[in-house]
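Letter by letter, the sequence shown follows residues 1 to 372 in the UniProt record's numbering.
I should point out that these hints are in silico values taken from the structure, not numbers from a laboratory. Check before you lean on any hint, since a few could be wrong.
[Claimed, not checked] Taking lysine-lysine and the DSS-like style, the derived pairs with C-alpha atoms no more than 25 Å apart in a straight line are: (1) Lys314 x Lys48; (2) Lys111 x Lys55; (3) Lys65 x Lys55; (4) Lys65 x Lys48.
Quick caveat, the model's predicted, so the values are computed rather than measured.
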Amino acid sequence: MTDAMDYEVEFHPVGDATRAGDAISVRYGQHGLYEVIVIDGGTSDSGKTLVEHIKTYYGSNTVLKHVISTHPDNDHASGLREVLSAFRTENLWLHGIWHHVAEMRHLFADKQLTEQAIADNIREAYPIVEELIALANQRGTLVYEPFAGCTIGPFTVLSPTSHAYTRLVPQFRRTPEADVDALKSEQFWLGDIRQPGLLSRLFEKALTYIDESWNIELLREGAVTAAENETSTVLYGRFGDQSILLTGDAGVNGLTWACERAERNGIDLSALNLVQVPHHGSRSNVTPSVLDRLLGPTRTTDAPARVAVVSVPKDDEKHPRKIVMNAFRRRGAPVYRTQGNHIRHHSGTMPHRPNEVAVVPFDWFDRVEDYD
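Put together the whole structure using the sequences plus the hints.
Written out as structure tokens, the structure is:
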């Protein structure tokens, strides 16, 4: 691989208020021979906007080399219906949840459920997955599953493994009840995160703020996110001498698995040029220890080494969390946010965009959200 490659990564605006989501497009290669990848499409509305953006800036006859659905949340996957309908797409990457029922049947509490019954339940609970697969089949698009070790253009999948995936699906919020003891015996039980109403009650609590300094980090260990988020496809992209990491909604487990695979494969994540802040800046997805492993330890001074980008909707008072923005900045990654705007990170001689406006990262926050 050469030392330089032209590329651009665009984070597109998704949602407003509390309706967050991800929609990312990547274009790379030589002028006139660019290849395009779409990673998540946000909501249906943002998918339509993404389609128009691609037609305007990449060309109405653009062929998508790869489309990737990181996980089955509607705020990431719904917009891909618009994308697949609008453009010829060579390859679709997503996890066919029910394809793995035989490997995980023993992890459901009701031992009377047949494999067919479990598969039918999953199809009904996550219709967007079946819709995307059906649309791909109708349009002649090849369908693959993005498990760790797969290569997707310039990207390598770092997480999840198929083994971890089959241990997480029974813990999804809309799959049949999990066999807790069986999952604990395999050391894959995440906890009671799918307890009805738990997440919504956490979000509804009024925020209070406390002081935080550079040398005293208040972000806690023990963060837990939903199992669906932990199945997010984590992507390491290499473009010549530049590298990026796209995290979807991955939590501490998914990020740890990604770090482990990167270390085994000789990938230096501390040299990243760009990193995506997972799950819209939620503090349920990162901890000091996992960020130290991902980005390196806290720096003694505010000296940026890379950029971080967080996808957040307009007018969301609780995302991104200030305590998370500070955590990234401490480790040399000041955070830029969408909040209704496009963010384009590019290198080389990618085409100029008229009326493109420079963006600035979040400042340091002297006061951050308390946990109580």
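Now for the hints, and whether the structure bears them out:
1. Lys314 x Lys48: With a Cα-Cα distance of about 18 Å, the restraint between Lys314 and Lys48 holds, given a limit of 25 Å.
2. Lys111 x Lys55: violated (50 Å)
3. Lys65 x Lys55: holds (15 Å)
4. Lys65 x Lys48: holds (19 Å)
The structure fails hint 2 only (numbered hints given earlier).
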